[in-house]
Amino acid sequence: MPTVIPEDSVGLVSPQVAQFAEPLALACGRSLSHYELVYETYGELNAERSNAVLICHALSGHHHAAGYHSMDERKPGWWDSCIGPGKPIDTRKFFVVSLNNLGGCNGSTGPASRNPQTGRVYGSDFPVVTVEDWVNSQALLADRLGISQWAAVIGGSLGGMQALQWTISYPERVRHCLCIASAPKLSAQNIAFNEVARQAILTDPDYHGGHFQEQGTLPKRGLMLARMVGHITYLSDDAMGEKFGRERKSEKPNFDLHNVEFQVESYLRYQGEEFSGRFDANTYLLMTKALDYFDPAASQGGDLAKTLSVAKADFCVMSFTTDWRFSPARSREIVDALMAAKKNVSYLEIEAAQGHDAFLIPIPRYLQGFSAYMNRIKV
Amino acid sequence: MRADLEIIHEWIPSGSRVLDLGCGDGDLLASLAEHKQVSGYGLEIDPDKITACIARGVNVIEQNIDQGLGNFASNSFDVVVMTQSLQALQYPDKVLAEMLRVGKTCIITFPNFGHWRCRWYLTTKGRMPVSDFLPYTWYNTPNIHFCTFADFERLCHAQGARIEEGLAVDREHRHSLGSRLWPNLMGEIGIYRISGAGLAEHRVAV
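Chains G and W are the protein sequences, given in the same order. First residue of the first sequence: 1, per my numbering; consecutive thereafter. First residue of the second sequence: 1001, per my numbering; consecutive thereafter.
Hints are computed from structural coordinates only; laboratory data are not their basis. Keep in mind that the hints are not guaranteed to be accurate.
Within a straight-line C-alpha distance of at most 20 Å, the following computed EDC-like cross-link-like pairs (lysine to aspartate or glutamate) qualify [as the list claims (entries may be wrong)]:
1. W/1049 / W/1066
2. G/378 / W/1066
3. G/342 / W/1078
Since the model is a prediction, treat every value here as computed from it, not as a measurement.
My request is simple: use the sequences and hints to build the entire structure.
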């Protein structure tokens, strides 16, 4: 909790809600007749409306990317290290928009919302949404805010996929795309990890086929396991080794099959438990599916360069050396396709020990390269 | 701009697509983009230089040249440039072959180890040359593959590359009468334009 708001913080912020009554057609063939998107903004939109930046969140992210909701908030928004006055996404220059995606569980319409047609909570009846659907809904939010073109669309991981999709779906509406710690599509291994997470949720007896709210339960165990598996893939072997090593809670082994012994077990359980108390199981399933389905090149016979040839944006791609969820090789696939398509692109492969999570961490070289790119964007 | 870059600048046709291996701060690409509508990419591994490129809007890709150019299609660039990096490469022969594959024309500059000062140093002192221009000791130098102009030309021939143009200059990048008559003795820096065997007929307008 901040006793004083730091000078490089966007300060106290409050979320806003945009309501949409026009039906939104989705990739799955279904549509949403009414929906809401919750979002936050930081900085001021200039008179030319040319300084707007969209932040796209990753799997468990949301609209609260920077600043504090109140003086009682324990931690600032999830990307506070990169958004604020003097930070890479400098709010003295840019007007930043950050939303919670459709299907989320932080205020935007999602599985935990009530279906206006039935009056019941959607639960697993909520339609499966894709990265393309999200980008379409983000474009409608941009219309609502009077933003015809983003100075930049920025995201890490699943957020980077949305940033990339923007340049394909709405080439005229994006001047710069920053795609960080991301991939052009998931590998079989990535999908496999997602499937373990989904099975953990689906087989939890408290899941009740996705209608657990109506039963007054929560599939906390399943969600906890899903997060534990996910969390392993966010950290590098080195980072885990450094943080926990083989450290135990007690000095000697207690030859007990059922209790926590190693610190890393305790950490994972804590992370899983904390997450299972604040996240919606159906949203988790949806987000992992959106990841699995993302493959913009599929419609072009797998030719990513051809897929990206429609883009008008300049690109900045960044990866982190110890990220094994979306390794540098995955980012290089994007970079190579962009070069083959003769797009303006710069690529940074940042030495970092933290694994996939590095994109959230204020690593000096990362911030330096990020700032250098953002500073040269004309608004 | 560095003097060898000024000469190269003249050699690159307007509107070309250029790949600059070891592009440093992006001086050459920035100037070519501004004055000759050249587009392309620089490869670099030094973090500060990469940041400098990004800051001035030069497309820079963090990539180690020694690991090859396998991610670039054959003949995908009009010109592949490499200045003052040949001698620092782990595999100069392989990189040269890759340059010839990827670029229709290649421009390479490197210091001449056959220059009379190097020869004199080695002859009189019996030790590896150290000078203001090449200030490193043999055991602690990024320059691990020195060659002479004659050596370089032999490698070009071995790879079936055609030398389109060669210029020997001193460290101020002037070409004197001496460096014209006895380049391998009097020239300190070589600036070469070469092309691959498969493209003997290809001419770049200069």
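Here is what the structure says about each hint:
1. Simply put, residue 1049 of chain W and residue 1066 of chain W have alpha-carbon atoms about 18 Å apart, close enough for the 20 Å limit, and the pair holds.
2. For the hint linking residue 378 of chain G to residue 1066 of chain W, the alpha-carbon distance of about 35 Å lies beyond 20 Å, and the restraint is violated.
3. The hinted pair formed by residue 342 of chain G and residue 1078 of chain W meets the criterion: a straight-line CA distance of about 13 Å does not exceed 20 Å.
In this structure, only the earlier hint numbered 2 is contradicted, and the remaining ones agree with it.
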